[in-house]
Every structure is written in structure tokens, then in C-alpha cells.
Amino acid sequence: MMNFLLAVSSEEYSSPTLRMGSQIAKSFDATLNVVYVGPKPKELFAGRVSLARDSLAKWEIYHPGIEVLRWAFHDLQASGYLENSGENGFDPLNMVEEKDRYRLVLPGSYGQEIDLVLREGEIIDELRKECGEEDYTLSIIGGSKGRNMAHDLLQYLPTSVLVMKNVDIDKSYKLLLCVDDSSATKRAVRFGGTIAKQMEMAVTLLTVSKHDKFGEGYTAAAKSASRYLDTLNVPYEQNFLTGDPVTTFIETAGEDHLIVMGASSRSPLTKFFLGSKPMKTLEKANCPILIVRGE
Amino acid sequence: MLVDIIYWATQRKWLLIALLFGAVLYLLPTPHGLTSNGYHTLIIVLITILLIIYEPIPLPAVAMLILIFQVLFGIATPNEVAASFMSDAVFFIMGSLMLAVAIVSQGLDTRLALGIINITGHKTWRIVAGFVTVCAVLSSFIGEHTVTAMMMPVGLTLVRHTSSDPKKIARLTALILFSIAYGSAMGSIGTPSGGGRNVIIMGYLSQFGMGSLSYLQWMKYAYPVLLVEIPLAVMLLWWTFRPEKTILDSAVRKLKVQVAKSGNITGRQLVSIGVFVLVFLGWVFLSPTIGLGIIALFGVVLYLAFGLVEWQDLNRNTNWGVIMLFGAAISLGLQMKDTGAALWVATKVIETLKIVTGDLDIIRSFVSIFLTAGLTNFLSSAATVAVLGPIVLNMGGDAVIITLATALASAFGYMTVVASPTCMIIHSSGLVKPSDYFRGGWKMTLMSIAVLFLFIHLFWPLLG
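These protein sequence lines map, in sequence, to chains U and X. Numbering-wise, the first sequence is residues 121 to 415 according to the numbering used here. Numbering-wise, the second sequence is residues 1479 to 1942 according to the numbering used here.
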């Protein structure tokens, strides 16, 4: 069974991420771990902040992260992702400390596997630590983060990454499956196909070459992708375009697609200095984008 | 593997930058007028400042690095470093962190809530005035973080009872939280026990042989400053965060009901207050002979002996890294004095500022007040005093006045989250934004500096 990590920061910013992310997790029948990552107090004052928090807890005023997780839990119930078991499963007193994170023990059953985790610190660092804690396949995170977010997510997270940029949950999204000869494309097609089938999305298979001629690797990958979608009975439209790949992906996707593409196979050092196609697409895209790592 | 190395380098970049910066300075020739040991001490100071601001490695590691560098650079022998690592000021920081845990765990916050509300009634401005005053007065004796930890639940409960939608009462929330944070921070100037930094600079004053200040003498100078600041702070806070609701009758009623459930004051609470009164009397009457730190530790022992707090609780909530860091920082401060580094920097600062004005009093005031208040916003109050203390005390002039001016100005860090523990504590509620600190903070800073300036030049000379 796959394990998905979904990062939330607040009700205000994370609502679309939670709704769409949980739907995608359901498509794969994956375990969903909702992870709150909030600011960490400066170490110089950490002891005193913790003292104040203990004092607040006696008045039933909890860490802001607990309130965010409480909202996430109830929102997942409201959206139908979790079944309402009739009992109030969310009790802040059931928060257990585990190494460098806190996990809420949820008594009862809710129809889906779910874990609620609280972490404090810099987002990439905490997500990396979380990935060290459990074997995650996909990390789902909200858009509009810091400047180097695209780079850091793809460079440092060991999982596939879904960034919920500019998401509107009332919009009906199509799926743009970017196909090239990279080794991760095959898995990206499998991911994209599953999502499209489960969420009934229209699919565009897109292969872009910088030159007029499409290499053998590109055409073979496109053919294999179309065959896979055929076996799933997912309807699709297939396009071969010429131009700068990143610009073409972004222009084709607009704001109403979920882009799915394979991760780059460049070396970490090359990616650090020169970036990569997925990195640039992620940076510039105006819609949700899923970058799938190869196996 | 390669990813891990790249990641480590990006995460630790400030450690690498600090060490590289230190290495480059080390290779440069020693500046004229400075001894080699003095120069090396200053290099360690600069590295320490970067490591405290950016925290690329845990604080205990910074502390150990300071000690290691002192020995490696040949500034002092291991035994000399070890001897300078512990002082009464470090005892005080240790004792005050533990006293905070002991006091906060007694559940006195409900008593405070009831006391304040009974006096202030339900008008918002009166509640704010009550919060600022009570926080300021209490924190002047028991320390700012202790008071903030006790008052935060009271303030947030009031806010929560006012509306369940935080967006509708964002300004009221900020007003209440900043009343607590700024009131407590402001109050910490009132007596030496208000903050560890007061004791650090008092320690420098006596260890450098430049004079001494008793608990009551400090109060004589500083308490009037605090009393003038309290009403001004209330006005500034009200002006900055004009609340959405000017009457909190229903919230006050609900708070009273909630607090009433805790019943009458218990014998345990009375004993804990009694222990603190003893500690306070010890600070007032015995500290000149046995030191503030020893008395604080004695208070901790009494709390433990009476079974008012468990050692496990003290241990869990006492940040030993902070204690180590201040031990190392004070040791470095002493080396700054002994190696002549502090005097060299003080002379350079005075020479540079003489270009602007020839008035030495103005220059000293500028450095001890403006520079301290400014640096506090980035480095935190106690660390600023630990680093700047030896320099300002070497600028000449009345050492007692300089000591007080620097200690008081270090409480004026109102503009950032990292300026003081109180600012960080209210930020941890998730209900105030970093920009809120600047909105109210610059006004508070200017007001506090103006009041202090007037006191230094008009009132303090009358005290002799």
C-alpha cells in the first residue's frame, strides 16, 4: 500500500490542497499522512515557549498546529474522504511525542488509513525528516511557497512531488501528461493514468521536441503511453509539438490542467547549478503539477 | 549520498560562512593597537554573533565552540576558560529559568485573571491597561517569560470568549497579546531580577572592578522609568491596534465563570507565593554579599524541598543549551576585557562617532542606548548585553549609568519576533504576524528611548 504525505500549514491556505490531495490519495487507495509544518521557535527561547505552551494547554488552548490538524480531520470528514464514525476521534490529549515529531493517535475507524502529524521547523527540512520516518511515495504540498521551493522540493525530497499551485476545487481539471524519453516518464504515465481514470479527467498526452524531428526515444515513449491509457480505457488526445518544452508545457496547461511529468535524471550537482525541465516547469506553472520520480 | 552532502551544505551554510569569515580574518594582520589575543577574541565574537542569529548548529555546540576557540587561539588556558565559564550571572539565569517553571506550574494564572478582571471591569481599554500594568510590575520581579507564560492563557481565553472567528477580532487579539508581551518586556527593566541580562551586566560591572549596584539602587534608578513607560505604552498600543470591540462584557463574564471553577486559593499556592517572597527579600537584602544567582538557586531548592515542583518538570523545561551559551558568552565577555579587545572597539567607536559629534556623553548614550536597542532586535536582549556590555563599559564615563542604560535599552527590542522571549512566546500562538511587531514596535522603541534619554540626562543626575 502506498503512503502519501500531505503538508498543511493553515486552514486559510491549505484547504484546496487538502481537498484535491485527499481525492488523489483515494485514487490510489493510499494511506494519507496529514503533516502540519509550522514555524519553530528560536532555540534560544524554545524552553520558555514550551513552558508557555504547557501553561496554555491547562486552559485547553493548544498549539496552533493542533488546531490546523483538527480542522484538517473535520474537513476530511466533511468532504466524505473519512467516514464519520460517530465518536469524536480528535483529542489533543492523544498527541504522542515521537523523536522529532508529534503524532495524534486517532481511536476508532474512519474507512481510510490516516495519520495526523505535527512538526516544527523549516518546511523542506521537516518534510525530509518525515520522509526518513516513513516510506512515502508522494508528497503533496500547497503552492505559492518561497523562492527556491521548486528547486528544494525536487532536489531534496526523496518522493514524487505534487504541488497544488493555483488550485480551485470547484474547477474541473484536465490532465496534461508530459511524455519524453526520461526514465521516470513510464511511472509518470502510470500515475497520471490512475488519477485520470479514478477522477474522470480528460487527458492530453504531450510530447515536445526542441527540433522538428522527434527522436526515437520520444516516439517510443509516446507510443507506450498511449498504449497504457488504452488498456485503462482512458480517453486521451495526443499531441506532438515543437518548441521550448517548458514554455510549451506551461502554455498548454494554462490554469485548468493538472500537469504530470517524470522527474529529471540529471545528477544532483547538475540540477543544483543548472536546474532541470521539471524544476523550471514547476517554478513557472500556474496550475497543480505532479513530478513523478522513477523507480 | 551527493544529495545529502549538498543538502547538508545548504542547511549549514551559515556555519560555513561564519567559519570562513573567521578564517579570513585570522589570516589578516592584527589591526593596529590591538593585541593578537584581543584580535582573536573579536574574531570569536563575530563568529558567535552569526551563529546565534542564524542558529545553523544547536546552541550548546555554539557554546562549546566558543570555549574551544579560546583555548585553540591561545587566549586562555583550559582551566582559565573553565573558571570563567561559571559565574553568579549564569547561576542566576539557571535559577531564573527553573523558578519560572516552578511558579508557572502552581496554577496562579487563574488568581491573576480574577484579580485583573475584578479591578478593570469589562471595558477593553481598562483591561489592556490592567494587562500592561500587571505584566510590567510582576515581570520586574519574577522575570518576563514567567509572567508571559502565566498571562497568555488569560489573554487568549478572553479573546476566544469574544468571538470564535479570529479574523473578526484580529486587532483585539494583537492588542491583548502585545499588551502582555510588551508589558512583560518593559517590566523586566524594573529590578535586576527582571531579566538575566540585567544580572549579566551587573556581573561585568563588578568583575571589571568598575563599581557595583545593589538591588534597591537599581530599582531607585530604573523603577521610575518603568512607571512612566506604562501609561505611554498603553496609549501607543491602543493607538496602533484599535480593537474591534471596546467592551468585552460577555467574554469577561465567561472568563469569571471559568476561573471560578478553580475554587479558592490553595495552601500549596500560598506556600509557593511565600517561597517567592523569601527569594525576593533575599535579593533585596542579601544579594550584595551572596549574589543574586545563589539566592535564585536557593529558591529552586525550596520549591523542590516543599514538593511544589518535581525535578523532572524542571529538567524538561529548562533549556540547558541556553545556560551553556550564556556561560560561554560571559566567559568571552571577560576575555574581551582582559585582552583589551573591548577597550579597542570602544575607542574605535568613539573615534568614528567623533566625526559626527564631539560630545562624549552623546556618543556614550548613542552606543549604549541606540546600538543596544537596535542589536537586540536581531541578536536577542541577553546575548546583546553579553556581547556589548564589555565594550560600553570601556567607553569611559559613569560606569553605573552606562550599565543601567545598556540593560534598560536591551529591553527595547519590540520590533521583531526574535528580540525577546516574550515576543517569541506570543508569536507561537500563531495569532500575530511578524509585521505586527514592527507596527507597534517602532513606536514603543522610540518612546522608550526618549523616556530613558530624559531620565539619564534629567532625573538620574539628581540621584547622585
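One or more of the hints may lead you astray.
As the list claims (entries may be wrong) - Computed list of lysine to aspartate or glutamate pairs in EDC-like fashion (alpha-carbon distance at most 16 angstroms, straight line):
1) X:1645 to U:132
2) U:162 to X:1791
3) U:249 to X:1482
4) X:1491 to U:242
5) X:1491 to U:245
6) U:178 to X:1482
7) X:1739 to U:131
8) U:160 to X:1791
9) X:1911 to U:132
10) X:1645 to U:403
Just so you know, these hints were derived from the structure itself, not from any lab.
**OP:** Would you mind confirming whether the straight-line C-alpha gap from residue 178 of chain U to residue 1482 of chain X stays at or under 16 angstroms?
**Re:** 41 angstroms, violated
**OP:** Compare the distance between the alpha carbons of residue 1645 of chain X and residue 132 of chain U with 16 angstroms, and conclude whether the hinted pair is satisfied.
**Re:** Distance ~11 angstroms between residue 1645 of chain X and residue 132 of chain U Cα, so the pair holds.
Original post:
Under the criterion that the straight-line Cα-Cα distance not exceed 16 angstroms, is the pair residue 162 of chain U, residue 1791 of chain X satisfied?
Top reply: Given that 16 angstroms is the threshold and the Cα spacing comes to 21 angstroms, the pair is violated.
**OP:** Given the hint that residue 160 of chain U pairs with residue 1791 of chain X, test it: the Cα-Cα distance must not exceed 16 angstroms.
**Re:** 22 angstroms, violated
**OP:** Take a quick look at whether residue 249 of chain U and residue 1482 of chain X sit within 16 angstroms of each other, Cα to Cα.
**Re:** 12 angstroms, holds
**OP:** For the pair we were handed, residue 1911 of chain X and residue 132 of chain U, check the Cα-Cα distance against 16 angstroms.
**Re:** 14 angstroms, holds
Subject >> Restraint check for residue 1491 of chain X with residue 242 of chain U, where alpha carbons must lie at most 16 angstroms apart >> reply: 15 angstroms, holds
Original post:
Are the Cα atoms of residue 1491 of chain X and residue 245 of chain U separated by 16 angstroms or less?
Top reply: Holds - the C-alpha atoms of residue 245 of chain U and residue 1491 of chain X are around 14 angstroms apart, at most 16 angstroms.
Original post:
Does residue 1645 of chain X pair with residue 403 of chain U here, judged by a C-alpha cut-off of 16 angstroms?
Top reply: Roughly 31 angstroms separates the two Cα atoms, so the pair is violated.
**OP:** Below or equal to 16 angstroms on CA atoms is what counts here, so check residue 1739 of chain X against residue 131 of chain U.
**Re:** 33 angstroms, violated
Checked against the numbered hints given earlier, the structure breaks hints 2, 6, 7, 8 and 10 and satisfies all the rest.
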